[in-house]
Each structure stands twice: as structure tokens, then as C-alpha cells.
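**Q** Next come the chains, spelled out residue by residue.
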Amino acid sequence: MNGEAHDHARESGLAVARSLLQALLAQVANLPLAILLLVSLAFVPLGVGLALLPPVLFALRGLANQQRRWAAEWSGVEIVVPYRPRPEGASGIGVVKWLLRDPATWRDILWTAVNAVTGLVLAGLPAALVVYGLEGVLVAPWMPKVHTFGWGPFWPLSDYGLAGSAGSALLGSLMLLVGWQLGPSIMRAYAIVNRSMLGPTRGRLEERVRKLTETRTETVDASAAELRRIERDLHDGAQARIVAVSMTIGLAEQLVKDDPEAAARLMAEARQASGTALTELRDLVRGIHPPVLAERGLEGGVRALALTLPLPVDVAVDVPGRAAAPVESAAYFAVAEMLANAAKHAEAARAWVDVRHNGSALVMIVGDDGRGGADPTAGSGMRGIERRLAAFDGTLAVTSPEGGPTVVTMELPCALSSPKT
Amino acid sequence: MRVVIAEDLALLRDGLIRLLSAYEFEVVEAVDNGPSLKRALVEHRPDVAVVDVRLPPTFTDEGLRAALDARREIPGLPVLVLSQHVEQLYSRELLSDSSGGIGYLLKDRVSDVKQFVEAVRRVADGGTALDPDVVSQLLTRRSREEPLKALTPREREVLELMAEGRSNAAIAAKMFVTEKAVTKHTANIFAKLGLPVSEDDNRRVLAVLAYLHA
Chain A
0 MNGEAHDHAR ESGLAVARSL LQALLAQVAN LPLAILLLVS LAFVPLGVGL
50 ALLPPVLFAL RGLANQQRRW AAEWSGVEIV VPYRPRPEGA SGIGVVKWLL
100 RDPATWRDIL WTAVNAVTGL VLAGLPAALV VYGLEGVLVA PWMPKVHTFG
150 WGPFWPLSDY GLAGSAGSAL LGSLMLLVGW QLGPSIMRAY AIVNRSMLGP
200 TRGRLEERVR KLTETRTETV DASAAELRRI ERDLHDGAQA RIVAVSMTIG
250 LAEQLVKDDP EAAARLMAEA RQASGTALTE LRDLVRGIHP PVLAERGLEG
300 GVRALALTLP LPVDVAVDVP GRAAAPVESA AYFAVAEMLA NAAKHAEAAR
350 AWVDVRHNGS ALVMIVGDDG RGGADPTAGS GMRGIERRLA AFDGTLAVTS
400 PEGGPTVVTM ELPCALSSPK T
Chain B
0 MRVVIAEDLA LLRDGLIRLL SAYEFEVVEA VDNGPSLKRA LVEHRPDVAV
50 VDVRLPPTFT DEGLRAALDA RREIPGLPVL VLSQHVEQLY SRELLSDSSG
100 GIGYLLKDRV SDVKQFVEAV RRVADGGTAL DPDVVSQLLT RRSREEPLKA
150 LTPREREVLE LMAEGRSNAA IAAKMFVTEK AVTKHTANIF AKLGLPVSED
200 DNRRVLAVLA YLHA
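Residue numbers (numbering that gives the first Met the number 0), protein chains in the order written: chain A, 0 to 420; chain B, 0 to 213.
Just so you know, these hints were derived from the structure itself, not from any lab.
No residue lacks a Cβ here, since even glycine has one placed at the ideal position from N, Cα and C.
Mixed in with the good hints there might be a few duds.
[To be verified] Using C-beta positions, here's what the derived DEER-type ranges look like:
id, chain 1, residue 1, chain 2, residue 2, range
1, A, P400, B, S135, 34 to 42 Å
2, B, K113, A, T376, 50 to 58 Å
3, B, I73, A, R382, 50 to 58 Å
4, B, R143, A, S416, 35 to 43 Å
[As the list claims (entries may be wrong)] Each computed DSSO-like pair below joins lysine-lysine, with the alpha-carbon atoms no more than 27 Å apart:
id, chain 1, residue 1, chain 2, residue 2
5, B, K191, B, K173
6, B, K173, A, K343
7, B, K179, B, K191
8, B, K179, B, K113
9, B, K148, B, K113
10, B, K113, A, K256
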């Protein structure tokens, strides 16, 4: 019981301290930032504003992020960081564009202006109540002894008498009590007000939906095309060959009595054709889902793959557990495509693969010492992999300067199941 | 010769039993899953085991693991592994203890009955039978490298057949040359690759495979 009371007192004390900090911060940080922003925006037509904007906006983001963290840590109010990811290689005017096009930037600006007031009035309330209450209890009763004119903390000093002093102490302790007791709740209310401005907007959700729709369409298209290819391969390949095999066997059956030698020749021919059909089926299966991947998981799959390439490949895999089958398959084919590129186009003498799980995503890095200059937008192979990864919110980044080396980094968000024993 | 067979598809299992029985093998037990295979191998200690890689209950590489397990318990236990696909990764694991008595073939090879039976016998005798697909993968991978590049096409052909596990006599018959000619090629190959020459067919094959897998 004692511990609980102690905790409560601690919470209240912290709330008052935080309230004071927020009220101060709203005046020394938010207000100047709001003014700086107005100035920068006003100077955009002159050009100076363009240089001024990014640092000011980044400072604002820093402040806003600090508020998001505090909301979670102090009041348990989670505020998701709503900013769009910085575009690859953006600099100069690109950064300004990226910042200004993000609705979250404009909501930050709105917040910094509003917070100059809410930070003082709402967040500052617990501190104000406690400080003013203390004044009422400790200072007000003694005022008449020092001054005979002017205003006391609660009413004109001229009205003071014994009743005035007692009333002041009573009112003061009441405010002290309210500020102390409600402090944590008021700070929480302040965090919720902040969330309404600092959290993601509907627009961001809409964008996520648009992105999902897009990748889903691509995935569906790609898998439909893949099925069509498999159907065609089976129809023109193995299926046709097996028809031919059964025809040959039928013919041999007819001949076996009259011309056993010819029948034997036909049987040998049928066996050969069935062998070819099996080879085609095997290649097809490898392209759909490599058997070694099913048997040994990603590590075995990548190691087996590395052994089939005509150049030495260093393989390092650190994946404690198995990812879901579709993720494993996407990861395998991504690595396979990059290694095939290294072997075919890069004129590389060595390649290396590093696959690890960083707690939330598979990170696959494939590099080679070839001639570089790989353009991710030129080849259909890399684009296909990018699409395949995008279906899992995965990403692909290529660095390949002219003269090499080429390094491809791919990330595939996923959870792992515990390793099989 | 006493054989244990492990194959989960009834059609193929019956086919293998029929085929091996026709060539005077005695099938002491035919099993359809990994745990029974391990038990059967340790219990019967057959002259040779014919094992499918993928078996229940996991349908992954159960058969391969059971065979490797049993070989750890009974060193040199001859095992011929069959699979729908061949991987250098697996041939490496199978040959890693370099004690011979190992076969690794595509299931398709069963259809050439004579050759298949010969491969089973070879493995039972402590020899090696490696699928031509694995051998050509091994050679393609290394073909850019120096000592292999120096081989003549004829020597390459001999090397390929040797890596499949064939004896000099068998290579001679296959290439329509005398055994003496093959011996000469072999000596050249071993000199170029810097391998010690050995009179013993099996040991020579293992040396070549160790070289190619390195």
C-alpha cells in the first residue's frame, strides 16, 4: 500500500515538473520556430527561404519527434511518426520538395503555432495550479503584514483580514490538491491533443492503401503470367513428350511379335524421350520452387545455388529459424537473380552473399568484384525482383559505380518461426 | 546381396523391389519413412541400401539424413541415394567422409536397368556412383580454372567417366578404346591435376571427386 502511495506521489511530482518544462519549451522553442518558419516561407520567393527551410523544418521535426517520444513515455499515448521516407539521393531542392509535399510537414507547422498556446495553457496547468496554490497557502496570509496596498494573490489586499488570510490558505490548498491530483491526467490530455496534430493523417492511410493496391495488382499480374508460362511449358514440353512416348510404346506393342528387334528399338527410343520429359519437368519444378529450398530452407538453398555458379561465391547465412514459405522463396529467387547477374554480366572473378535476419527483416546483400555499371531500371530481371519483394514491403537498393564493385542490398520484412530441432 | 530399400511412393518401391529381385538381390526390407529406415539399416546391416532423399514424416531430406546417420554408426555402410533432383551440396555431404560405398543418382537413371544394377553393385563393393548431372555441374563450375583448362577433350571425357565412379575397364568399354589407352589418359590427368596416382580404382575415383568438390 505504502509503495502504491509512493508511486502516486512520484507520478504527480513528475507531472508537475514536466508541466513546467512543457510550458517553458512552448515559449522558448515553439514560438521562435513558428516565427522562423513564417520568415523562411515569406522569403521563399526571394530564394533565401529555400536554403533556410530545410534546417528549420528538420529542427521542427526534431522537436515534434521529442514530443512524440514524451507522449509515449510519460502518458502512454503512442504517436506514430508520420513522415514520408526521404527519397533516395535527394539533395538541395529535392529535399525542400520532399519536405513541403509531405502533409505531415504542414501539420507540424500548425502544431508549432498552436502549441505556443496549448503548451502554456494546458500543459502548464498542473505547474500553475501547484505554484499558485503554494503561494496562496504560504505567501498570501503574510502579505498584509508587509504591504498595505495593491493586489494579493487572490483578492485586493485591502480586503484582507483574518477571514481573507484563512480563505487564501483554504483556496490555495484546494488548488494545490487539484494540481497535484490531476497533474498526470492533464498531461495525458495534452498528449492526446498533440496526437491529433502530430499523428498520421487519413491521407497517409490512403496512400498506404494505394501502394498496397498497386503492389497487389502487380503481384496478381506477375503470378498470372507465371502460371500461364508454366501451363505453356507443360503443354508444349513434358505433356507432348509423354504423348509421344505412349504412342511409341503402343507401336512397339504392335511390333513385338512380328519384328522384336524393331520393337526393342522403339522401346529404347521411348525410354530416351521419357528421360527428356523428366529433365524438362525437373527444370520447371526448379523454377517454381527449388526442391533444395523445400528440403534445407534458405541457408541450404543459397549454399546449393552458390555451388552451381561458375565463379567462387562466399556465402554467409545467419538466419535463426525459418521464414514463411512465400518469403523464403522470394528471398531465394532474389539472391539467385543477383548472383546470375554477377556471373553473366559483371565479368566478376568473385561474388559474395550475406543473408541475415535483423530482428524484423531478412537483409540480403549480394556483391561482386565485377565491372559495375549495373542499371536497376534497365534489366527486366532486377525490376521483376523489385516487384516480387515489394509484395512483401521489401526493398532493393543497388550501388554499382562504373568499374565496380556492385553491391545489391535487399530487405524483406518478416518474422521467423523458431528453428526446427 | 542383401538390400534395404527406402521409398515412400508405393509404385516406385514395388518397381525397385521387382527390379533388384530380378537381378538376384535379396530385398530384406522395404520401408517408406525416415525413422524406419534408420532402424532397418542398423538392424539388418545390408550389403547396400537404396534410399530416396525425400521421405515422410518431414518430406524434406529425411532419407539423406537417415543414411548419413546410419553411416556414422556403421562406417562404410554402402548407400545409393536416389532423388528427383541432384545437388552438389548433397554429393559433397555424402562424400565428405571419403570412405566410398556411396551412390547418388537421379531417379531417371533407374530406367536404364543394366547401368543402374551395375551402379548398385559398384556401391555395394565400396565403389562410387555419381550422377552424370552432378559431374557435369562440377566440371562446368571449375572449367575456367587452370589445371582443368589444360586437359585435352579426350582427357576431359575420361575424367568425367572416372568421376561418375567407373573403373578403367568400364571407361575403356564405353569409349571403345583399350584399357591401356585409358591408363595413359588417367596418368596424364593425375599429373596435370597434381594428384597422387593409385592402382586402386575406388581410391582413384575418391581422389578425383575430392579434387572436384574442393
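**Q** For every hint, state whether the structure bears it out.
**A** For each hint, the structure was consulted:
no. : hint                        : result
1   : A/P400 / B/S135: 34 to 42 Å : 36 Å, holds
2   : B/K113 / A/T376: 50 to 58 Å : 55 Å, holds
3   : B/I73 / A/R382: 50 to 58 Å  : 53 Å, holds
4   : B/R143 / A/S416: 35 to 43 Å : 40 Å, holds
5   : B/K191 / B/K173             : 23 Å, holds
6   : B/K173 / A/K343             : 35 Å, violated
7   : B/K179 / B/K191             : 19 Å, holds
8   : B/K179 / B/K113             : 25 Å, holds
9   : B/K148 / B/K113             : 33 Å, violated
10  : B/K113 / A/K256             : 24 Å, holds
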